[in-house]
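On the provided structure of chain A, position chain B as indicated by the hints.
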Amino acid sequence: MPDLFFLPAGPLPPNQIIWFGVLLLAGVIGGEVARRMLFLPRITGYAAAGLALGPEGFALIDKGLLSELRVFADISIGLILFELGHRIDLGWLKRSPRLALTSLAECALGAGLVYFTLRTFFALDILHAFAAAAITVATSPAVVMRITADLGAEGQVTERALLLTALNCSIAVLALTALIPWLYLEYRGGWQTILLHPLYLLAGSFALGLAASTATLALLRWLGKREEMQAALLIALILATIGAAITLKLSVLLALLAYGALVRNLDRHYRLAAPDFGLTGQIFFLILFVLAGASLDLHAAWTGIVVGASLAAVRFAGKAVGILVFVPGGGMQVRQGLLLALALTPMSGLAVIMLQDTQSLFPDFGRTLASVVLPAVVLLEITGPILTQLALKLAGEARPKPAAKS
Amino acid sequence: MGELPFKSSQPLSLGVELELQIVNTRDYNLTRGASDLLGVLVKGGHTGEVKPEITESMVEMSTLVHESHVKLIAELRAMREAVVAAARKLNLGIAGGGTHPFQKWNDRRIYDTERFNHLAGLYGYLAKQFTVFGQHIHIGCADGDEAVYLTHMFSRYVPHFIALSASSPFQQGEDTLFDSSRLSVVNAFPLSGTMPLVRNWAEFEAYFSRMQGFGIVKSMKDFYWDVRPKPEFGTVEIRVCDTPLSIDRAAALAAYAQSLARYLRLERPRAVSDDLYLVYNVNRFQACRYGLDAGLIDPFDGGRAKVHEDLVATFPRIAAHAEDLGCRPVVQGLLMGARDFGNDARRLRVRFKETQSFADVVRWQCEQWMQPPK
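Listed in order, the protein sequences are those of chains A and B.
According to our numbering, the first sequence is numbered sequentially starting from 37.
According to our numbering, the second sequence is numbered sequentially starting from 5.
So here's chain A without its partners, still in its complex pose:
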């Protein structure tokens, strides 16, 4: 037996846990550098760290590792969608119909302008333009939620940005699902598929969300109001719901949104405290943004810079007009309306998932769609967080820095 048998033999075997640690560490450092030295959002730093380590940077993270770590991203997206769904306060929408109208106008005008631009200036066919418009309706929930949490933002712009994001994500997913029959008509599939697939997606995902929320409320009835237990219970049920949605080939997005929204609005006895995933959540979110950064396709963004910038611009214009139309009498000033529109600019992971979902069903259609939408997504993934942060700061809703003493 050699004397130094206890030392590792070279070459050193790769170890996923090390990479996971490295990724987290890079994210933490990137986030703090961004915040302290560049006054940028933390999440921009996470993404930049991911980009630096990823295939387009030092290539420390390769495609294989990316797909292995994908499960963390899925979990954090699940947490985010649940929390987002939980933000949908039907009571507020009922009391202020203007708010519901604002949401519809913001979605319709933004999507309308995107559709018009793609048809007129980029000569895209109707189906592609429609699908692209539907995807751009959604604001990145992860970005808006992380930025508001990081800034400790409170106030009308913050609250409405979160609510409108929840609504426009739901609308985007629904619109894209509604597109499925036309896609089948165009590409393949009998009438049964045409009819039953979207129905299965919608009804199935909704039913899954309903089942999860009913189970949650029943368990809470038994558990009581011990809030530290609630977070663990929620995470458990959210994981189960994500898993079930994937296994049953349902829409993870719809199921989790429905879960969050239903569990809040069905909770007549106020058993569920506002979800707070705390430190666990933070680690997942950090990983999500690092991975998003690592998978950023800068090349696609650069080649499609014209279409990307055009879509980003008209999307903002549409959202801004949609919001401003309903500002009078809606409880906000014009300035707040503009800042709200600015806060809604980010696009990211959710759009990518919607693209991937489409691509898995209709590969050719999906590829063309991605080439149109992806540049805007990448552009707004980079600039969006900065704009949202700017909007909330200008609105005076970010937590002030600890006052320097005179």
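It is worth saying that the hints were derived from the structure and are not from the lab.
Glycine is no exception: its CB is placed at the ideal position from the N, C-alpha and C atoms.
Treat the hints loosely; a few may be bogus.
Some chain B residues close to chain A (C-beta under 10 Å, calculated; not the full set) [stated by the list, open to error]:
| no. | residue |
| --- | --- |
| 1 | N28 |
| 2 | D111 |
| 3 | T117 |
| 4 | E118 |
| 5 | S361 |
Then chain B, alone, in the frame of chain A:
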């Protein structure tokens, strides 16, 4: 005329200021909402005034001057409706209660005005801890001498007001064991406490100008006394009350103060004496700690009684005055029913015991304030 003219006002006229909590309707923590809320409030939709207070999580409702409880409560209801309509539009909750049960004081934001920023700079953490919510009751006085007399004599009844209004049993997520934990926060300020034993307005003016000469105060606003004369309004101001959970209770407390003032003013039952202040701090502490069950020492005869017993003993003395002011049933209900009905602190504790959730307690507080029983 001296340095500090006392503006004469209609004796026994009545006005109320209420500091209210602004919370979000998701986790029911205090939230940054004052400037948004004030931006939405319909101007001219109500009388009185809704103003910002030191933090963004607080607004103050102040009424006009009224002769009677009936008119006061009518105005308060109209103001509440306006504030509630605005709050619903913004999805905010508005609640009474002397403290927020679980807010962390360091999360609070100072409302951006020069005076508030100055106070925040001067008092540091005290300014943020001062996120407490009180009711101030103003009673009109014919002249400064009367205001000085009433200020002293009210101090005998301060424990009543503390115990009846107490609605701050919880702070920072803990049961403080106090019925009114809010008042202890006020104690930390250097100019809190009571008015010194001046006998008339001339003496008070002399005192004030000395304090001004020291550079300690600029205006009456700088005194955080439990009861203080307010020369620019021509009133005596009782400042020990927690904001009750409902407007009806706030108005009933004002009616009690008015009846008491009429009794003291017309009957002059006792002369001002420094005995009043020998027992003052002990009685005040007892009332904060034990509420209606607190033991009181009478400064004039040394008698001992519980607050709720003392309330029952007080009612016959002021009943005729309340009758004349048109608020006898309200005052009778408040005083005679104190023992059985309890105060808001008791109700908050019951609520917490049932639900074990401070968020639920605050949601219930919002219901009490925003959706009164018809």
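We went through each hint and held it up to the structure:
| no. | hint | verdict |
| --- | --- | --- |
| 1 | N28 | holds, 7 Å |
| 2 | D111 | holds, 8 Å |
| 3 | T117 | violated, 13 Å |
| 4 | E118 | violated, 13 Å |
| 5 | S361 | holds, 4 Å |
Against the hints set out earlier in the document, violations occur for numbers 3 and 4.
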